[in-house]
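2 protein chains.
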Amino acid sequence: MNQSIATVLNQIDETVDQSIETLMEFLKIPSISTDPAYKNDCATAAIWLKNELEKIGASAEIHETPGHPMVVGQMGSGDKHLLFYGHYDVQPVDPLELWEHDPFAPFIEARPTGKVIRARGASDDKGQLMTFLEACRAWMKVHGALPCKITFFFEGEEESGSPSLVPFMEENKELLTADLALICDTAMLTPEVPSICASLRGMLKDEFTLIGPNKDLHSGLYGGPALNPLKEIAHLIASFHDADGRVAIEGFYEGVTDTPERILEQWNDSGFDEAAYLNGVGLSKAHGETDRTTLEQAWARPTLEINGLWGGYQGAGTKTVIPSKAHCKLTCRLVGDQDPDEIRIALRKHIEDRLPQDCKIQWDLDLDGAKAAVMNTDRPEFDAARKALKAEWDREAVLAGMGGSIPIAGYFSTILGMDSMLMGFANDDDLIHSPNEKYGVKNFHKGIRSWARLLNELAN
Amino acid sequence: MNQSIATVLNQIDETVDQSIETLMEFLKIPSISTDPAYKNDCATAAIWLKNELEKIGASAEIHETPGHPMVVGQMGSGDKHLLFYGHYDVQPVDPLELWEHDPFAPFIEARPTGKVIRARGASDDKGQLMTFLEACRAWMKVHGALPCKITFFFEGEEESGSPSLVPFMEENKELLTADLALICDTAMLTPEVPSICASLRGMLKDEFTLIGPNKDLHSGLYGGPALNPLKEIAHLIASFHDADGRVAIEGFYEGVTDTPERILEQWNDSGFDEAAYLNGVGLSKAHGETDRTTLEQAWARPTLEINGLWGGYQGAGTKTVIPSKAHCKLTCRLVGDQDPDEIRIALRKHIEDRLPQDCKIQWDLDLDGAKAAVMNTDRPEFDAARKALKAEWDREAVLAGMGGSIPIAGYFSTILGMDSMLMGFANDDDLIHSPNEKYGVKNFHKGIRSWARLLNELAN
Numbered sequence: 002m003n004q005s006i007a008t009v010l011n012q013i014d015e016t017v018d019q020s021i022e023t024l025m026e027f028l029k030i031p032s033i034s035t036d037p038a039y040k041n042d043c044a045t046a047a048i049w050l051k052n053e054l055e056k057i058g059a060s061a062e063i064h065e066t067p068g069h070p071m072v073v074g075q076m077g078s079g080d081k082h083l084l085f086y087g088h089y090d091v092q093p094v095d096p097l098e099l100w101e102h103d104p105f106a107p108f109i110e111a112r113p114t115g116k117v118i119r120a121r122g123a124s125d126d127k128g129q130l131m132t133f134l135e136a137c138r139a140w141m142k143v144h145g146a147l148p149c150k151i152t153f154f155f156e157g158e159e160e161s162g163s164p165s166l167v168p169f170m171e172e173n174k175e176l177l178t179a180d181l182a183l184i185c186d187t188a189m190l191t192p193e194v195p196s197i198c199a200s201l202r203g204m205l206k207d208e209f210t211l212i213g214p215n216k217d218l219h220s221g222l223y224g225g226p227a228l229n230p231l232k233e234i235a236h237l238i239a240s241f242h243d244a245d246g247r248v249a250i251e252g253f254y255e256g257v258t259d260t261p262e263r264i265l266e267q268w269n270d271s272g273f274d275e276a277a278y279l280n281g282v283g284l285s286k287a288h289g290e291t292d293r294t295t296l297e298q299a300w301a302r303p304t305l306e307i308n309g310l311w312g313g314y315q316g317a318g319t320k321t322v323i324p325s326k327a328h329c330k331l332t333c334r335l336v337g338d339q340d341p342d343e344i345r346i347a348l349r350k351h352i353e354d355r356l357p358q359d360c361k362i363q364w365d366l367d368l369d370g371a372k373a374a375v376m377n378t379d380r381p382e383f384d385a386a387r388k389a390l391k392a393e394w395d396r397e398a399v400l401a402g403m404g405g406s407i408p409i410a411g412y413f414s415t416i417l418g419m420d421s422m423l424m425g426f427a428n429d430d431d432l433i434h435s436p437n438e439k440y441g442v443k444n445f446h447k448g449i450r451s452w453a454r455l456l457n458e459l460a461n
Numbered sequence: 002m003n004q005s006i007a008t009v010l011n012q013i014d015e016t017v018d019q020s021i022e023t024l025m026e027f028l029k030i031p032s033i034s035t036d037p038a039y040k041n042d043c044a045t046a047a048i049w050l051k052n053e054l055e056k057i058g059a060s061a062e063i064h065e066t067p068g069h070p071m072v073v074g075q076m077g078s079g080d081k082h083l084l085f086y087g088h089y090d091v092q093p094v095d096p097l098e099l100w101e102h103d104p105f106a107p108f109i110e111a112r113p114t115g116k117v118i119r120a121r122g123a124s125d126d127k128g129q130l131m132t133f134l135e136a137c138r139a140w141m142k143v144h145g146a147l148p149c150k151i152t153f154f155f156e157g158e159e160e161s162g163s164p165s166l167v168p169f170m171e172e173n174k175e176l177l178t179a180d181l182a183l184i185c186d187t188a189m190l191t192p193e194v195p196s197i198c199a200s201l202r203g204m205l206k207d208e209f210t211l212i213g214p215n216k217d218l219h220s221g222l223y224g225g226p227a228l229n230p231l232k233e234i235a236h237l238i239a240s241f242h243d244a245d246g247r248v249a250i251e252g253f254y255e256g257v258t259d260t261p262e263r264i265l266e267q268w269n270d271s272g273f274d275e276a277a278y279l280n281g282v283g284l285s286k287a288h289g290e291t292d293r294t295t296l297e298q299a300w301a302r303p304t305l306e307i308n309g310l311w312g313g314y315q316g317a318g319t320k321t322v323i324p325s326k327a328h329c330k331l332t333c334r335l336v337g338d339q340d341p342d343e344i345r346i347a348l349r350k351h352i353e354d355r356l357p358q359d360c361k362i363q364w365d366l367d368l369d370g371a372k373a374a375v376m377n378t379d380r381p382e383f384d385a386a387r388k389a390l391k392a393e394w395d396r397e398a399v400l401a402g403m404g405g406s407i408p409i410a411g412y413f414s415t416i417l418g419m420d421s422m423l424m425g426f427a428n429d430d431d432l433i434h435s436p437n438e439k440y441g442v443k444n445f446h447k448g449i450r451s452w453a454r455l456l457n458e459l460a461n
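Same order as they appear, the protein sequences are chains A and B. Heads up: the first sequence runs through residues 2 to 461, numbered per our numbering. Heads up: the second sequence runs through residues 2 to 461, numbered per our numbering.
Hints should not be assumed to be uniformly reliable.
It does not matter which identical chain is meant; a pair holds if it fits inside one copy or across any two.
Said to hold, decoys possible - Within a straight-line C-alpha distance of at most 30 Å, the following computed DSS-like cross-link-like pairs (lysine-lysine) qualify: (1) 286 / 361; (2) 443 / 142; (3) 326 / 174; (4) 391 / 40; (5) 216 / 116; (6) 361 / 174; (7) 150 / 116; (8) 116 / 391; (9) 216 / 443; (10) 216 / 326; (11) 350 / 326; (12) 142 / 286; (13) 361 / 350; (14) 216 / 286.
Think of the hints as simulated: they come from the structure by calculation, not from any bench. Only a predicted model underlies this, so the values are computations on that prediction, with no experimental measurement involved.
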C-alpha cells in the first residue's frame with residue numbers, strides 16, 4: 002500500500018465519529034420528496050449539502066427546478082473527470098406506527114451484528130451518498146487536493162420519479178458530463194461480499210381508480226344487483242399473473258432476453274445465501290416465475306407488483322357498504338430492452354379490455370418510465386473498483402445484477418453519453434422503504450474507505 | 002274516519018315543525034356505535050331517548066350492558082300489548098370528505114322532490130324511530146292515554162352487530178315480551194308505494210388479514226421472489242364468485258330455497274321501478290346472479306360482498322413497497338334457512354384451502370351471525386297495517402322481501418316467541434350508510450300519521 006492511501010485511511014478512521022455526527026445531522030431533515038408537505042424540508046436538505054460541499058473545498062450551487070432543487074458542486078483538477086451522483090430525498094415513512102422511533106430522530110443502536118444508524122434515509126441514500134463525500138473530505142485533509150476532477154450531482158426527486166431530472170440534464174450537459182458517473186445507491190451481495198452493479202432493472206409506475214356505482218351503497222338495499230368495485234378490482238389484479246408466476250399481459254415480455262448461462266453460473270457460485278435472503282423476510286421459497294432461480298427472479302426478470310390497494314371501509318368494526326370506488330397503485334420492474342411506454346399501453350389495454358359493464362376507470366398517474374440499464378463492465382474503472390473493494394473487504398467483488406431501478410444510469414448514457422459505475426455498501430436487510438430503516442456503522446465506515454481506495458486506484 | 006283518529010292526525014299536522022326540531026336535536030348526537038371514540042355520545046343518545054319517553058308520559062329506564070346501554074319504556078294499558086323497537090346508534094361517517102355538510106349538524110334542504118333532513122342517522126334509524134314516538138306523543142296530547150299497552154325498546158349497537166342484545170333479551174324476557182313487535186327501520190317500495198316487510202335477509206360478517214413477508218419489502222430487492230399479499234388477496238377474492246355471479250363457496254347455498262312463482266309475480270306487478278333503482282346509482286343492469294331478476298337478487302338471494310379492502314401504500318405519489326399485510330372486511334346476506342355459523346366455517350375453509358405457501362391468515366372478527374327471517378303475514382295486525390297505510394298513502398301496501406338484515410326480528414321470535422311487523426318510510430336513495438344521508442320531511446310526517454292510523458286500527 003502506498004503512503005498516499007495509508008494516510009487517508011488513517012484520517013478516515015480517526016474522524017469516523019465526526020463523519021457519523023455529520024450524517025445524523027443530514028438524517029434529521031425530513032426530505033420526503035413525494036409528499037408536497039415536505040417541500041421546504043427538501044430545500045433544506047439541498048442547502049445542507051451545498052454547505053457540506055463548500056466545507057470540503059468544492060464550489061457548489063443550488064439549481065432550482067419546477068420540483069425540488071438540484072445541487073451541483075465541482076472540485077479538483079486533472080485529466081480524469083468523475084461525476085458522483087446521489088439523492089438527498091427519502092421515502093415516505095408510513096406506516097408510522099411500525100417505527101420504533103421517530104424516523105427523523107436518528108440514533109445509533111448496538112445490535113449483535115454491530116452498530117447501526119437508524120433513521121429514514123440512513124441507507125437510501127443519505128448514508129451511502131455521504132460515504133463518497135467523507136472520502137473526499139479525508140483525502141482533502143491529508144493531501145489538500147483531490148487526485149482528479151470531481152463533479153458532485155445531487156437530486157431530490159429520486160423517490161418520486163425524478164420529474165425534473167431529464168430536463169435539467171438536457172439543459173446542463175456541459176456542466177454534468179464527465180468521463181464516468183459514480184453512484185452509491187446499491188447493496189452488497191452479502192454483508193461480507195462487496196458487489197459492483199452489472200445491470201439494473203427499469204421501472205414503470207401506474208395507478209388507477211375503478212368506479213362502479215355513482216355513490217357508496219348500502220349492501221342491504223343494493224347487495225346482489227350492485228356492481229362492487231372491490232370485487233372487480235380483485236378480478237383485474239388476479240388476471241395480471243398466470244399460475245406459473247409470469248405476467249399475463251400481452252406483449253409484456255417483448256424485449257426481455259434470457260440471462261446468459263455463464264452469468265447465471267457466476268451468480269450460482271457467488272456465495273449468495275438464498276435461504277438467508279428468503280427466510281430473513283419470512284419466506285420459505287421464491288414465489289416468482291416457477292422456472293427461474295431466486296437470483297434470476299430478483300435481478301434479471303421483469304415484474305408487476307401491486308404496491309397499494311384500497312377501497313371501502315377500513316375503520317374499526319364493520320360497515321355494510323358497497324363502495325363506489327377502488328384504488329390500485331402498481332409498479333413494473335423492467336429488464337433488457339422492454340419499453341416502459343409500450344408496457345404502459347399494454348397494461349392499460351389489458352385492464353380496459355376486462356372492465357365489466359357499468360365500470361369506469363380513471364388513470365391517476367402520468368410519470369415517465371425508465372428502461373433497464375446494462376453497465377459497461379469492460380471499462381478500466383471497473384477493474385480499479387474490484388481492486389479497491391478486494392483490498393478493503395478482503396473478498397473478491399461480484400459483478401451482480403440488481404433488482405432495483407436507478408433510472409439515472411440510463412439518463413447518463415442516453416443524454417450525456419456517459420457510462421456509470423455503481424457500487425454501494427447497503428445490506429439487504431437495511432429496511433429501505435420500510436419502517437426502522439438502518440445503515441451499518443461498519444458499512445458506512447468501510448464504504449468511505451472503499452471510495453478512498455478507488456480514488457487512489459484511479460489516480461495511479 | 003272516526004273522530005278519534007281525525008283529531009290525532011290534525012294534532013300531528015299542527016305540531017310537525019316541533020317534531021322536526023326534536024328530531025334535529027337527536028341527530029346532533031354523534032352516536033356511532035362501532036367506534037369506541039363515540040362511547041359517551043351513545044350514552045348521551047340513550048339518555049336523550051329516556052327523557053323523550055318520559056316527556057310523553059312513559060316510565061323509562063336506562064339498562065347498562067357491557068356495550069352501549071338499552072332504553073326500555075312502558076306506557077298505556079289494555080289487552081293489546083305492542084313492543085316498538087328502534088336503534089339510536091348510527092353508522093360511521095367516513096369518507097368524511099364526501100359529506101357536503103357536517104354529518105352531525107342536521108339541516109333542512111329544499112329539493113325539487115320536496116324538503117329533506119340531512120344528517121347521519123336522519124333515515125337510519127333516528128328519523129324512522131321518531132315517527133312512532135311522535136305518533137304516541139300526538140295521541141297522548143289528544144286523548145290523554147294510549148289505546149293499548151306499549152313497550153319501547155331502543156338499543157345502541159344495531160350498526161355494530163348488537164353484541165349485548167341477545168344476553169339482554171334473555172335476562173329480560175318478561176320485561177320485553179308483548180303480543181307483537183313493531184319495527185321502523187325499512188324503506189318504502191317506491192316514494193309513493195308503502196310496504197310491509199314479508200322477509201328479511203340474514204347477515205354474516207367476517208374480516209381477515211393476509212400476512213406474507215414478515216415486514217414491508219422493497220420491490221427492487223425482493224420484487225419477483227417475494228410473495229405479495231395484495232396479489233394473493235385479489236386471487237382469493239376473485240375465487241368467491243363464479244362467472245354467473247353465484248357465490249362459489251362450497252355449501253354456501255345450503256338452506257336456500259327458490260322464491261315461489263306467485264311471490265315473484267307479485268313483485269313483478271308491484272310497480273317497482275327497476276330502471277330508476279339501478280340508474281339512480283349509476284348502473285345500467287343488475288350485476289348479481291345472471292338467472293335472477295333484480296328484485297330477487299336484492300330481496301331473496303344470498304350475497305357475499307367485500308366492504309373493505311386495503312394494504313400497502315395509499316398516500317400521495319408512489320412507493321415501491323411489497324407490503325407484509327393485506328386486509329379484507331366482508332359480509333354475507335343470508336336467506337331461507339342458511340346457517341350463519343355453517344357459512345362462516347365454509348367461507349374460512351374456502352380461503353384457508355387456497356392459501357399459498359408462506360401466507361398466513363388472521364381472522365379479525367368474532368361476531369355472531371343472524372339467520373334470515375320470514376314474517377308471519379297471516380296475523381290480523383298485518384291487515385290492520387295494510388288498511389292504515391292504504392288510508393295514509395292512497396296506495397295498496399306491498400308485502401315486500403327486503404334485502405337488508407335486521408337480526409332483531411329473528412331474536413324476538415327465537416328468544417321471546419314474539420312475531421314482528423316491520424313497516425318503514427325511508428326511500429331507497431336516502432344514502433343510509435353513505436355520506437349525505439337524508440330523510441324526507443314528507444316521509445317523516447306521513448310516517449308519524451301512518452303509525453297513528455295503525456294504533457287506531459289496532460284499538461278498534
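Verification of the supplied hints:
1. For the identical chains of this complex, residue 286 and residue 361 are inter-copy neighbours only, at 14 Å across copies versus 38 Å inside a copy, given an alpha-carbon limit of 30 Å.
2. For the identical chains of this complex, residue 443 and residue 142 are intra-copy neighbours only, at 22 Å inside a copy versus 85 Å across copies, given an alpha-carbon limit of 30 Å.
3. For the identical chains of this complex, residue 326 and residue 174 are neighbours neither inside a copy (45 Å) nor across copies (44 Å), given an alpha-carbon limit of 30 Å.
4. In this assembly of identical chains, residue 391 and residue 40 lie within 30 Å of each other by CA distance neither inside one copy nor across copies; the values are 41 Å within and 65 Å between.
5. Taking CA atoms no more than 30 Å apart as the test, residue 216 paired with residue 116 passes between copies only; the shortest distance there is 21 Å, against 53 Å inside one copy.
6. Taking the shortest alpha-carbon separations for residue 361 and residue 174, neither the intra-copy value of 43 Å nor the inter-copy value of 52 Å comes in at or below 30 Å.
7. In the homo-oligomer, the alpha carbons of residue 150 and residue 116 never lie at most 30 Å apart, since the shortest distance is 34 Å inside one protomer and 77 Å across protomers.
8. Taking CA atoms no more than 30 Å apart as the test, residue 116 paired with residue 391 passes inside one copy only; the shortest distance there is 23 Å, against 81 Å between copies.
9. Taking CA atoms no more than 30 Å apart as the test, residue 216 paired with residue 443 passes between copies only; the shortest distance there is 24 Å, against 55 Å inside one copy.
10. In this assembly of identical chains, residue 216 and residue 326 lie within 30 Å of each other by CA distance both inside one copy and across copies; the values are 8 Å within and 28 Å between.
11. Proximity of residue 350 and residue 326 under a CA criterion of 30 Å is satisfied in both settings, with 20 Å inside one chain copy and 29 Å between copies.
12. For the identical chains of this complex, residue 142 and residue 286 are neighbours neither inside a copy (49 Å) nor across copies (76 Å), given an alpha-carbon limit of 30 Å.
13. Within a single copy, residue 361 and residue 350 get their C-alpha atoms as close as 13 Å, which meets the 30 Å cut-off; across copies the closest is 33 Å, which misses it.
14. Taking the shortest alpha-carbon separations for residue 216 and residue 286, only the inter-copy value of 16 Å comes in at or below 30 Å, while the best intra-copy value is 43 Å.
Of the numbered hints stated above, those contradicted by the structure are hints 3, 4, 6, 7, 12, listed in ascending order.
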